[in-house]
Amino acid sequence: MENQAVLSEDILVAEARAGNQDAFTELVRRHSGKIFGVSLRMLKNREDAEDNLQNVLFKAYHNLGRFEGQSQFSTWLFRITINEALMKLRRHQSERQATYSDVQSNGLYGNYPEIEDKRQNHEREYINRELADIALRGLNPSLKNTFVLQKAEGWTNRELAGALGITVETVKSRIFRARTRSRRRLEIVVGSGTVAA
8 MENQAVLSED
18 ILVAEARAGN
28 QDAFTELVRR
38 HSGKIFGVSL
48 RMLKNREDAE
58 DNLQNVLFKA
68 YHNLGRFEGQ
78 SQFSTWLFRI
88 TINEALMKLR
98 RHQSERQATY
108 SDVQSNGLYG
118 NYPEIEDKRQ
128 NHEREYINRE
138 LADIALRGLN
148 PSLKNTFVLQ
158 KAEGWTNREL
168 AGALGITVET
178 VKSRIFRART
188 RSRRRLEIVV
198 GSGTVAA
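Its first residue numbered 8, the sequence shown is counted upward by one per residue in our numbering.
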């Protein structure tokens with residue numbers, strides 16, 4: 008039964024690549040719920056998740072010719088979903104920083120003293136973010152995505168295994184390798200005294 012489902016999806020992908028709109032519509036029907044769920048979990052906002060779903064489906068449709076079939080179609084879609092969501096998160100972060108800078112430069116704070124949150128150490132948070140970015144920068148995308156989803160987004164090994172179409176053992180292996188390689192990279196960067204990678 009499972010082989011039949013895989014076979015029918017392979018046929019749908021082949022037909023969609025040949026220009027069959029109905030085949031692509033069926034692929035969308037099968038996978039849009041999972042794409043939306045992953046998007047919502049990462050973006051934590053229904054509107055952003057819906058936008059992400061549309062972006063993923065648009066990219067999948069226009070890049071269907073690049074899908075080589077070396078992985079499952081769902082895995083390929085999942086990679087697009089994560090990459091699109093991460094780009095959206097980066098854009099949101101840049102927009103927030105730009106808005107804050109605009110408000111400061113326009114003098115909208117007037118002569119009020121700057122309010123500082125004593126519970127947070129912003130410099131340490133910035134350094135930690137920079138070091139995390141450096142540590143993860145050179146990782147294989149499959150290792151990086153698995154590691155980020157578990158450590159930053161709180162996904163369980165079982166959830167990751169189901170979403171990625173791999174075993175729990177493979178998830179654990181990816182996280183271990185990501186941790187080991189990122190630690191090694193940090194040791195090299197910190198040891199050399201350079202922060203730029």
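Incorrect hints may appear among the rest.
As a list, the in silico DSBU-like pairs of lysine-lysine whose alpha-carbon atoms are at most 30 Å apart [as the list claims (entries may be wrong)]:
1) K95 / K158
2) K95 / K66
3) K41 / K51
4) K151 / K41
5) K158 / K66
6) K66 / K41
7) K158 / K51
8) K51 / K66
9) K179 / K151
10) K41 / K158
11) K151 / K66
12) K179 / K51
13) K179 / K95
14) K95 / K41
15) K151 / K95
16) K158 / K179
17) K51 / K95
18) K179 / K41
19) K51 / K151
Just the calculated beta-carbon pair ranges, DEER-fashion [said to hold, decoys possible]:
20) D17 / A159: 17 to 25 Å
21) A159 / T82: 39 to 47 Å
22) I18 / R144: 35 to 43 Å
23) F65 / Q100: 37 to 45 Å
24) A21 / R48: 42 to 50 Å
25) I18 / L138: 26 to 34 Å
26) A139 / D29: 14 to 22 Å
27) D58 / S78: 20 to 28 Å
28) E176 / E137: 14 to 22 Å
29) R190 / F74: 30 to 38 Å
30) L93 / R36: 45 to 53 Å
Simulated from the structure, these hints should not be mistaken for laboratory data. The structure displayed is predicted, hence computed values, not measured ones. Built from N, CA and C at the ideal position, the CB exists for glycine as well.
So, going through the hints one by one against the coordinates:
Our distance criterion of 30 Å between C-alpha atoms is met by K95 and K158, whose separation comes to about 19 Å. Simply put, K95 and K66 have alpha-carbon atoms about 14 Å apart, close enough for the 30 Å limit, and the pair holds. Under the criterion of a C-alpha separation no larger than 30 Å, the hint pairing K41 with K51 is consistent with the structure, at around 15 Å. Our distance criterion of 30 Å between C-alpha atoms is met by K151 and K41, whose separation comes to about 20 Å.
For the proposed pair K158 and K66, the alpha carbon gap of about 27 Å is at most 30 Å, so the pair holds. Of the pairs offered as hints, the one joining K66 and K41 holds, with about 16 Å between alpha carbons and a cut-off of 30 Å not exceeded. With a C-alpha separation of about 16 Å, the suggested pairing of K158 with K51 holds against the 30 Å cut-off. Pair hint K51 plus K66 holds up; C-alpha atoms about 22 Å apart against a cutoff of 30 Å.
This hinted pair checks out: K179 and K151 have alpha carbons roughly 13 Å apart, not beyond 30 Å. Between K41 and K158, the direct Cα distance comes to roughly 21 Å. Compliance with the 30 Å bound is thereby established for this hinted pair. Distance check on the hinted pair: K151 and K66 sit about 21 Å apart at the alpha-carbon level, within 30 Å; holds. Annotation: proposed proximity of K179 to K51 holds, straight-line Cα distance about 25 Å (limit 30 Å).
In summary, the hint linking K179 to K95 is supported, as the alpha carbons are separated by about 27 Å, within the 30 Å threshold. With a C-alpha separation of about 18 Å, the suggested pairing of K95 with K41 holds against the 30 Å cut-off. Distance restraint check for K151 and K95: the Cα-Cα separation of roughly 17 Å lies within the 30 Å cut-off, and the hinted pair is therefore satisfied. This hinted pair checks out: K158 and K179 have alpha carbons roughly 12 Å apart, not beyond 30 Å.
With a C-alpha separation of about 12 Å, the suggested pair K51 and K95 falls inside the 30 Å cut-off, and the hint holds. At most 30 Å may separate the alpha-carbon atoms for a hinted pair to count; K179 and K41 meet this at roughly 22 Å. For the hint pairing K51 with K151, the CA-to-CA distance comes to about 20 Å; that is within 30 Å, so the pair holds. Here the CB-CB span from D17 to A159 is close to 34 Å, at odds with the stated 17 to 25 Å.
For the hinted restraint 39 to 47 Å between A159 and T82, the CB-CB distance of approximately 21 Å leaves it violated. The hint said 35 to 43 Å for the Cβ distance between I18 and R144, and at roughly 39 Å that hint holds. At roughly 23 Å, the beta carbons of F65 and Q100 sit outside the given window of 37 to 45 Å. A beta carbon spacing of about 31 Å between A21 and R48 contradicts the range 42 to 50 Å that was offered as a hint.
I18 and L138 have their C-beta atoms about 47 Å apart, which leaves the hinted 26 to 34 Å range violated. A C-beta distance of roughly 44 Å is found between A139 and D29, which places it outside the suggested range of 14 to 22 Å. For the pair D58 and S78, the supplied restraint of 20 to 28 Å holds, since their beta-carbon distance comes to about 25 Å. Under the hint 14 to 22 Å, the C-beta atoms of E176 and E137, about 33 Å apart, miss the expected range.
Checked against the hint of 30 to 38 Å, the C-beta distance between R190 and F74 comes to roughly 34 Å, which is consistent with it. L93 and R36 have their C-beta atoms about 26 Å apart, which leaves the hinted 45 to 53 Å range violated.
The earlier numbered hints that this structure contradicts are 20, 21, 23, 24, 25, 26, 28 and 30.
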